[in-house]
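A.B. asks: Position chain F relative to chain X; hints supplied.
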Amino acid sequence: MQLLAQQLVNGVALGSIYALFAVGFALILAKMGILNVAHGTFATGGALASYWLVFEHGFSFWVALAVGVVFAGALGVLADLVAFEPLRRRNAGVFAPIIASIGVWIVLLTLAEAFAGPSAVSYPAGSVPSEPLRFAGLIVLPAQVISLVALVVVVTAVHLLLTRTRFGAAVRAVAVDTRSATIVGVNSRNVLIAVAFMAAAIAGLAGVLGALSDNNVSATIGEALLLKGFAAVVVGGYGDIRGAALVGVAIGVLEVMSSQYISSGFRDAITFGVLLVVLVLRPQGLFGERQLVRA
Amino acid sequence: MSTTALLTTLQFAGVNALFALAIYASLWTGVLSLAPVFFGAVSAFTFGYVAGTLGLSPALALVVGLVLGAALGAVTAALIIRLDSHYLAMATIAMVLIGRVLIINLVEYTGGPSGTLVPGELGTWLWLIGSLVVAGYVMSRLSGSRFGLAADAVREDPAVAQTLAISPRRIQFVGFVISGALGGTAGVFQASFLQYIGPDTFYTHLGFVTLAAVVLGGAFHWAGPIVGAIVFTILPELLREPMGEYDRVVTGVALILIIIYMPRGLVDVRRLRLLRTRGRRRTPADEDPSRTGSTPATVEVAP
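One line per chain: the protein sequences are X and F, in this order.
Every letter in the first sequence is one number past the one before it in the UniProt record's numbering, and letter 195, counting from 1, is 195.
Every letter in the second sequence is one number past the one before it in the UniProt record's numbering, and letter 227, counting from 1, is 227.
For the record, the hints were derived by calculation from the structure and aren't laboratory data.
Each residue gets a CB set at the ideal place from its N, CA and C atoms; glycine is no exception.
Worth double-checking, as some hints may not be accurate.
Just a few of them, taken from the derived set where beta-carbon distance is under 8 Å, the chain X residues facing chain F [stated by the list, open to error]:
1) L35
2) G273
3) L279
The following block holds chain X by itself, in its conformation from the complex (with noise of 0.2 Å):
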């Protein structure tokens, strides 16, 4: 039972990275319709900015990881300026964001390779919370914490600001017809960048997460996340966030559960497998409205 509970916590946090991470998949797939690969090495630029603040230059944890945030969102901005606005421009295809995002990614993670090199690193000693807090005879590390913190108010307040303010009906205007958003006032171009910021800060946000949770910082942290995040995404649907959040938590539990009870080998297969039987049954998502499509 104690064992139970204490796999439960370490899941539910562990998914909490993947959630975050989801969320800010889901946006730039549901808003701008980008199924974005490179999305997972802005969570390693993020994190890898947010090392090299405190390793090299012995800033703050927390002020690291508010500019790791930062400039893994400058860096979804610049791979939208460079890549996908052209194409938004040009009224490519469905296919053609896909291919320029894989360009994207293979940039990105060659240069995060080079910086980091093959080793991988962790934050010095001392440098970020760690000490355990014990309750009720379970063991939560402040990283867990901090996860599931920022999970619930990343998700909330992006849910708020999707849904209830001028700002989130320019989104799901933009979301739905580029166009006739422009037409009716919308800035469309400025609402993209803000979505692409926002999007990739979230994924930042979960590789500096994630990267403090492990304990281990390398360049290919976002590669693990983006599967994890992608699957939650599927499994949840990406019209609504909260979908996505909830099934990156429950991604979280199911692997920490399998490698517990049954076979820590197979746990990517069998979190991969219940993605693959969701897509088969219901491809709209769990939690996916119908939509309606004209031909």
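C.D. replies: What follows is chain F alone, placed relative to chain X:
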């Protein structure tokens, strides 16, 4: 680059061309799929296991790869072909991811993380070029066939295709089977040339590189993937010396530039036809520079 290195690179370009053709076969029917990488993995590891335990002649190995790939393609298509484009692409990427996990865990059959050794009898120019020629011939014959015309229609607009009594699902199913057959064959070749296959041999990197090759070469003509694969395999090798570890940056940048400025790729039949028409117009009779500039828009036709 030395001649030996160049020849080795060309061999891998040939294998990548087969993979690229496999991706092209489903893209032709309007489906973006990385599944050929998975089909290739299954064929390659089956080949490795059977060759290791029972022994397998080269020709038979190719047939096994082809049939296994086609069968897998059929099963996959039956399951996922009705998904929307984004979800379908995601499902095929998920297949590639699951494939790696299976390879790592089915140690008994695949050698697990340390991989497995494969006989290299098929890794000769004769087999490779022979297969490429056959594949190219089949694709070129298909492009003018009823299937090819239907595939073009489905890709351009499934709704219109349906009004022409074409079943998009059926066409896409056939595309997936062809894709599976090519992917399975490519997997066997990849294994033979490397003589060693591991969990990372058939992974996202291979999928993305071959997809890039299709885009670069041109996704609207069967020769596109072959040209693209050759360019995209040799280019990084040539860049490795001057660029060092940054060679892949050039690959990525090239991909972005191509999809923006040359979305139809290097082998673009429409543009070639356009250039030819323009050349023919430039006869002495109407040598009028002000008019040549405006002609392209009027003669542009879909291939």
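A.B. asks: Run every hint past the structure and note whether it holds.
C.D. replies: Each hint tested on the structure:
1. For X:L35, the interface hint holds, since its Cβ comes within 8 Å of a Cβ in chain F; the closest pair sits about 5 Å apart.
2. Checking X:G273 against chain F by beta carbon gives a least distance of about 7 Å; that is within 8 Å, so the hint holds.
3. A hinted interface residue such as X:L279 counts as satisfied when its beta carbon comes closer than 8 Å to some beta carbon of chain F; here the least separation is about 5 Å, so the hint holds.
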